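Trainee: Keeping the supplied structure of chain Y fixed, place chain X upon it in accordance with the hints.
Read off the chains here:
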Amino acid sequence: MARKKLDTLTEQMYYILLALTEERHGYGIMQYTNQLTNGRVNIGAGTLYALLGRFEKENLIRATREEEKRKYYQLTDEGRKILEDEFDRLHRQVADGACVLRKKEGKA
Amino acid sequence: MSDRKWGFFPFDAMDYKAAQAYLDRKAAQGWVLDKLFCRYFARFVPADGRYHCVDIDTPHMFEDDLDQNYVEFCEDAGWELVASPRNMLLFRSKPGQHPAPLQTDEGMEMERFWKRYVRRNLIVNLILLLILVPIYVLLFSLGRGESTLNISELLCSNSIFLAIPLLLFFFLGLLRSLYHTAAVWVRYRRSGAMPRSDPAQAWLYGLLGFVMAGLAILWWCVHMADGILTRTVDVAWSHYSDEYTATPELCQSYPVITAADLGLEYSEDSRYLTGWHSILVDRLDYSEIADGEEGATHILTTMRYECANETVAQWMYSARKSETARGVDYLWGKLDWGETTSAHGFDQISFTRNNSCLILQEGDTVVLTEATGFDLTEYLDTLRERLDLDA
Numbered sequence: 001m002a003r004k005k006l007d008t009l010t011e012q013m014y015y016i017l018l019a020l021t022e023e024r025h026g027y028g029i030m031q032y033t034n035q036l037t038n039g040r041v042n043i044g045a046g047t048l049y050a051l052l053g054r055f056e057k058e059n060l061i062r063a064t065r066e067e068e069k070r071k072y073y074q075l076t077d078e079g080r081k082i083l084e085d086e087f088d089r090l091h092r093q094v095a096d097g098a099c100v101l102r103k104k105e106g107k108a
Numbered sequence: 109m110s111d112r113k114w115g116f117f118p119f120d121a122m123d124y125k126a127a128q129a130y131l132d133r134k135a136a137q138g139w140v141l142d143k144l145f146c147r148y149f150a151r152f153v154p155a156d157g158r159y160h161c162v163d164i165d166t167p168h169m170f171e172d173d174l175d176q177n178y179v180e181f182c183e184d185a186g187w188e189l190v191a192s193p194r195n196m197l198l199f200r201s202k203p204g205q206h207p208a209p210l211q212t213d214e215g216m217e218m219e220r221f222w223k224r225y226v227r228r229n230l231i232v233n234l235i236l237l238l239i240l241v242p243i244y245v246l247l248f249s250l251g252r253g254e255s256t257l258n259i260s261e262l263l264c265s266n267s268i269f270l271a272i273p274l275l276l277f278f279f280l281g282l283l284r285s286l287y288h289t290a291a292v293w294v295r296y297r298r299s300g301a302m303p304r305s306d307p308a309q310a311w312l313y314g315l316l317g318f319v320m321a322g323l324a325i326l327w328w329c330v331h332m333a334d335g336i337l338t339r340t341v342d343v344a345w346s347h348y349s350d351e352y353t354a355t356p357e358l359c360q361s362y363p364v365i366t367a368a369d370l371g372l373e374y375s376e377d378s379r380y381l382t383g384w385h386s387i388l389v390d391r392l393d394y395s396e397i398a399d400g401e402e403g404a405t406h407i408l409t410t411m412r413y414e415c416a417n418e419t420v421a422q423w424m425y426s427a428r429k430s431e432t433a434r435g436v437d438y439l440w441g442k443l444d445w446g447e448t449t450s451a452h453g454f455d456q457i458s459f460t461r462n463n464s465c466l467i468l469q470e471g472d473t474v475v476l477t478e479a480t481g482f483d484l485t486e487y488l489d490t491l492r493e494r495l496d497l498d499a
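Respectively, the protein sequence lines represent chains Y and X.
Sequence positions in the first sequence follow my numbering and run 1 to 108.
Sequence positions in the second sequence follow my numbering and run 109 to 499.
Mixed in with the good hints there might be a few duds.
[Said to hold, decoys possible] Okay, derived cross-link-like pairs now, DSS-like style, lysine-lysine, Cα gap no bigger than 25 Å in a straight line: (1) Lys-57/Y - Lys-223/X; (2) Lys-429/X - Lys-442/X; (3) Lys-202/X - Lys-69/Y; (4) Lys-71/Y - Lys-202/X.
Because the hints were derived from the structure by calculation, they are not lab data.
Every value quoted in this text rests on a predicted model; they were computed, and no experiment measured them.
Pulled out of the complex, with its shape left as it was, chain Y reads as follows (with noise of 0.2 Å):
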């Protein structure tokens, strides 16, 4: 049941998976997410800390080393395929959108 709810993923929960195509640590994850999107997504370190340890429950992340007290993650074949399956939904959304709205312009 735990799986169905990653069915669809939140904002920050898809920049973190996506954060992770790359070997990451926490900190590393929130920098990168601020950076990727001109510091339009904050993510918390409370809220990073508990998606982190849902993720690598659900086999999503996995971790691959701990240095300097800071544990490091990556995303794991389930955690590309979830991330790749919500970017395709994302993609069709914005395509859906866009053949509504253009269109609409166009004609007026």
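Mentor: Only chain X this time, still in chain Y's reference frame:
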């Protein structure tokens, strides 16, 4: 601007948003939390541009048993942990850093708050209430009927005396907590968002917890001291050596009835004399087995209570009479008391049917004395003199 400022921080985890608002106000005034003393007293130091974040802690058995991985994780993100009182984690931003709030997903935050704190709090409170209510019912029903509830012990013990307000506050605190938790839940169901606590209510709720904690500590200290620091006399076979200390001479220097007062012989070592004091009563217990004529033995007992005032003495008189009639806190069995009168120049006096035992109240003093085989009505002048009672 001074370099330190103090504040009272009574907030409970249930009101962690009110705690956050309080710390936000301090930060806006240029003060950052430096340390929390005794879990309630916050010390602030000047710091521009720094701010706070209050988070809910994971449930754990002991106060200091924190999730260190989480603390380090937050540290890495720019948050320093200052204190962890009452299931809360109080963070402050590191100098020169501007970290995002710890919780940036409101849905997850509410789920976490509900699972980690509210639900657990409800369950614990309900269990405590289920335990406490039968205890109360038992105590009070026993107090009304034939019981072993010892009112005189209550008056003679500081710790039991203090336990009454402690239990009352505890009970009120539980009811308050249950009401508060239910109210938060209802507000959450209505608004679908994290409920913001009323600051004044949150402060008062915290204050109640503070008073309860203070009373609990006071009770514990008094309880530990009871019977040690409050002991005024303790002679018999010493607890610390084999030496027998309750000599006839020493016992006679106290206002108790001893063998010599009734013309009996002292036995070698069958005496003890103990005494201790409480806020309301100074108590003295004496007992001995004395040798009489033709091999007879007599048990002599004196229980003397110097009360804080006459009203307490009247309570003590009634309590001791009723308790000893049931054999409570009296070594030699149940006593068969007659009517209470104000005869013989005492405020109250009563004899057992065979007159070998009497209980009297004179001013703020209550004395219960027994001399088996004697008719104490014949020794009233001796008693008055030896018990140091004003006529």
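Trainee: Work down the list of hints and note, for each, if the structure agrees.
Mentor: Evaluated hints:
no., hint, result
1, Lys-57/Y - Lys-223/X, "holds, 18 Å"
2, Lys-429/X - Lys-442/X, "holds, 10 Å"
3, Lys-202/X - Lys-69/Y, "holds, 18 Å"
4, Lys-71/Y - Lys-202/X, "holds, 21 Å"
Taken one by one, the earlier hints all hold for this structure without exception.
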